[in-house]
Amino acid sequence: DGGITQSPKYLFRKEGQNVTLSCEQNLNHDAMYWYRQDPGQGLRLIYYSQIVNDFQKGDIAEGYSVSREKKESFPLTVTSAQKNPTAFYLCASSSGRAVGEQFFGPGTRLTVL
Amino acid sequence: GESVGLHLPTLSVQEGDNSIINCAYSNSASDYFIWYKQESGKGPQFIIDIRSNMDKRQGQRVTVLLNKTVKHLSLQIAATQPGDSAVYFCAENTGGFKTIFGAGTRLFVKA
Chain A
1 DGGITQSPKY LFRKEGQNVT LSCEQNLNHD AMYWYRQDPG QGLRLIYYSQ IVNDFQKGDI
61 AEGYSVSREK KESFPLTVTS AQKNPTAFYL CASSSGRAVG EQFFGPGTRL TVL
Chain B
1 GESVGLHLPT LSVQEGDNSI INCAYSNSAS DYFIWYKQES GKGPQFIIDI RSNMDKRQGQ
61 RVTVLLNKTV KHLSLQIAAT QPGDSAVYFC AENTGGFKTI FGAGTRLFVK A
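So the sequence lines, in the order shown, correspond to chains A and B. Read in my numbering, the first sequence has 46 at position 46, and its numbers run on one by one without any break. Read in my numbering, the second sequence has 39 at position 39, and its numbers run on one by one without any break.
If we strip away everything but chain A, and leave its shape as in the complex, we get (with noise of 0.2 Å):
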């Protein structure tokens, strides 16, 4: 079946810790998105990439880091410099067309300890 996955599910971090939240596609997808969705709010974009290689800071890109070096995979790795980091991550994929669906992962919670 083709999606989205990411992985862990859950995820605990102590006070100035990095950790990378995983995500990949297999539906052939060139544009990949990170968002975080807090209690009550709408989803907030951090980064996205168009392509392999590239990638563009979204609205709150600040204390975060991505990389894209395979077409199917968008790591996001949470730095200490992120204030509030607790949310829910999620990731999504669209097929490179500028407008159109995007295709979201089940999400992954983050918790800092």
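Under 10 Å between C-beta atoms, here's a sample of chain B residues computed to sit facing chain A: (1) G43; (2) A91; (3) F97; (4) G102; (5) G104.
Straight-line Cα separation of at most 25 Å, DSS-like style, residue types lysine-lysine; simulated pairs: (6) K42(B) x K110(B); (7) K83(A) x K14(A); (8) K42(B) x K71(A); (9) K57(A) x K98(B); (10) K98(B) x K70(A); (11) K98(B) x K68(B); (12) K9(A) x K42(B); (13) K98(B) x K42(B); (14) K56(B) x K68(B); (15) K83(A) x K9(A); (16) K70(A) x K9(A); (17) K83(A) x K98(B); (18) K71(A) x K57(A); (19) K70(A) x K57(A); (20) K71(A) x K9(A); (21) K71(A) x K98(B); (22) K71(B) x K98(B); (23) K56(B) x K71(B).
Cβ pair distances, simulated, as ranges: (24) H72(B) x T77(A): 38 to 46 Å; (25) M54(B) x D30(A): 21 to 29 Å; (26) Q14(B) x S73(A): 39 to 47 Å; (27) A111(B) x T77(A): 39 to 47 Å; (28) P39(A) x G83(B): 19 to 27 Å; (29) Y10(A) x T69(B): 40 to 48 Å; (30) S7(A) x A111(B): 30 to 38 Å.
Since the hints were derived computationally from the structure, they do not count as laboratory data. Even for Gly, the Cβ is constructed at its ideal location relative to N, Cα and C.
Assemble chain B onto chain A, guided by the hints.
Same frame as chain A, but now just chain B:
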């Protein structure tokens, strides 16, 4: 900045009734709108979309209406079922890769 918002954060309907979820957008340049459904602990799922050159689009049990004059978008769900209980997001796109999402409306379906 430009934003997409919702009038009602929570909507409760009786099973079998029709549901209407509303959304206001502020960017008059937006030309593509999407409704997503998000169940608890899961990622959003695409429901239906509409482009700015249309006023109405119908899917299976769902209809999206777009009123560009007042920058208003609505999602109508016919014969609402318990499985429709979720948070519904509207989203807008101005033609680039960035999509702006609203805060969401939680729909409760009473049996």
